[in-house]
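Chemist: Here is how the chains run, residue by residue.
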Amino acid sequence: MACVVNDLTATAPELKRTPLNNAHRQMGGRMVDFGGWDMPVQYPAGTIEEHLRTRTRAGLFDVSHMGEIDVRGTEAIAFVNRITSNDTTKLVDGQAQYSALTTPEGTVIDDLVVYRLAADHLLLVVNASTTDKDWEWIKSNHSGESVELNNVSADYCQMALQGPDAQTILQTLTDVPLSELRYYHFTRGNIDGVAGIISRTGYTGEDGFEVYAPPDRAEQLWNKILDAGKTDTPTGVLPCGLAARNTLRLEAGMALYGNELDESTTLLEANLGWICKLDKGDFIGREALARQKAEGLKRKLAGFEVIERGIARDHQDVVVAGERVGTVTSGSPAPFLKKNIGFAYLPIEVANVGQEIQIDVRGKLVGAQVVKAPFYKRAK
Amino acid sequence: MANVPEDLHYSKDHEWVRVDGNEAIIGITDYAQNSLGDVVYVELPKAGEEFAANESFGSVESVKAVSEVFTPVAGTVAKINEALADEPETVNSDPYGGGWMIRVKMSNSGEVDSLLTAAEYEDFTKAESE
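Sequence order for the protein chains is A and B.
Sequential numbering of the first sequence, starting at 1, is according to my numbering.
Sequential numbering of the second sequence, starting at 1, is according to my numbering.
Hints in this document: simulated from the structure, not taken from any laboratory.
Small disclaimer: the values here were computed from a predicted structure and weren't measured.
Even for Gly, the Cβ is constructed at its ideal location relative to N, Cα and C.
Among the hints, erroneous ones may be present.
A few chain A residues that don't get close to chain B, going by computed Cβ distances all over 10 Å [said to hold, decoys possible]:
hint, residue
1, Gln-26
2, Gln-42
3, Thr-47
4, Glu-49
5, Glu-68
6, Ala-118
7, Ser-146
8, Leu-181
9, Asp-232
10, Pro-234
11, Gly-236
12, Ile-275
13, Ile-311
Partial list, derived from the structure: chain B residues whose beta carbon lies under 8 Å from chain A [claimed, not checked]:
hint, residue
14, Gly-37
15, Val-40
16, Tyr-41
17, Glu-61
18, Val-63
19, Lys-64
20, Val-66
21, Asp-94
In silico DSBU-like pairs for lysine-lysine, Cα to Cα no more than 30 Å straight-line [claimed, not checked]:
hint, chain 1, residue 1, chain 2, residue 2
22, B, Lys-46, A, Lys-338
23, A, Lys-339, A, Lys-277
24, B, Lys-105, A, Lys-339
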């Protein structure tokens, strides 16, 4: 029995470790190399149970591998506004924003979340595997603005508590009135006596929080959150691995850098026109994106559902009328929807909802259909 | 610790073989199902198809991964486990029982002697996971 897609073998010792590495190992997390990080792909409960528990109760994720870049100075907002696609000037203190670092061609260096701590202080939270590249890109695109840049990735642990029970669980550990914290807003506060940042954000399609704290308090917070969420009971919070994180974000229709987004795809092609504020003033890539918008897209990211028996996987070809027209960027079973779903870049003529396509699943053509994304939307 | 029944034969690709007369029942081991994770799809051949030894006869898919499964012995497929189409998770819960995959009429029943014994397979998986 040989693995042909993702190899789940043991990891090499030189991998980077988050402050929760020991906790993962003690709890039976199956560790894998994820972009140079030694991370749990799943815990003993298994990916499906972790996914379902997050949708119905709560799941806890270690996301300490994410990078954090600190931008301070009187021109912090002006600088970030020039290197990202969304409108940084619209943020108020305590607000976060999904955005992207773009190339002059309008393609994507990384997607990120911009936190406004103060008028002269922003925190950029970027993907783990792109942190070094982003840091170099940000420094090299700094031209004279009065800002101080620091890569502070090692100063934070980050964990995400997601799911309908997230607020109730976290509220037992903090005096911050969580019900008053709106989506994509954050506040400084104590969690179990540890000073950190509590943010109502996430990557699962559920309500939930991301907590940033000093790395030496990571284990304390991790264990306290699991205890508060009665992890030992059948309806308690479950620690979740990267596999569940991926299926949750895919079901919720969210892009993953390296799959849906990279330096060969533009934000408009990726359906991220809503974070391209072409009228906000100049930013890197604005001209190219404005031109592409005016000329119209030739291809775009489309969600699909497999109709016949079979599971589409990353990198498989998409076939329409016998011709190879695109590639699957993410393909997976969707545990909550109990369907097999995916994303693919398709020529604009065959990217409409209802379009019948085929996926080349290891030499066998399997029928699928373009559907509206997100595949899953939680009831509010 | 993975369960390795004494009375079965094993391959280095983590399949098991149970001999029943001149037929071989084939599935994947407890160690294999555990490293694969939640099984969500099993693709099997049709009865009547012929396979050489160590040939791929189908695939097992978890949420995250696809793995091919190989015939430890040569032969013709006599029967497949059709219940796995609707309940692939049986491969996880009962890998040596309800999780069986195919029953093969062996072309050379002496072939099973070249497979690993339970003790040999246990040593093999220990070495592999170190």
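Chemist: Give me the numbers of the hints this structure contradicts, sorted from smallest to largest.
Modeler: Hints 2, 3, 4, 13, 21, 23 and 24 are the ones this structure does not satisfy, whereas the remaining hints hold.
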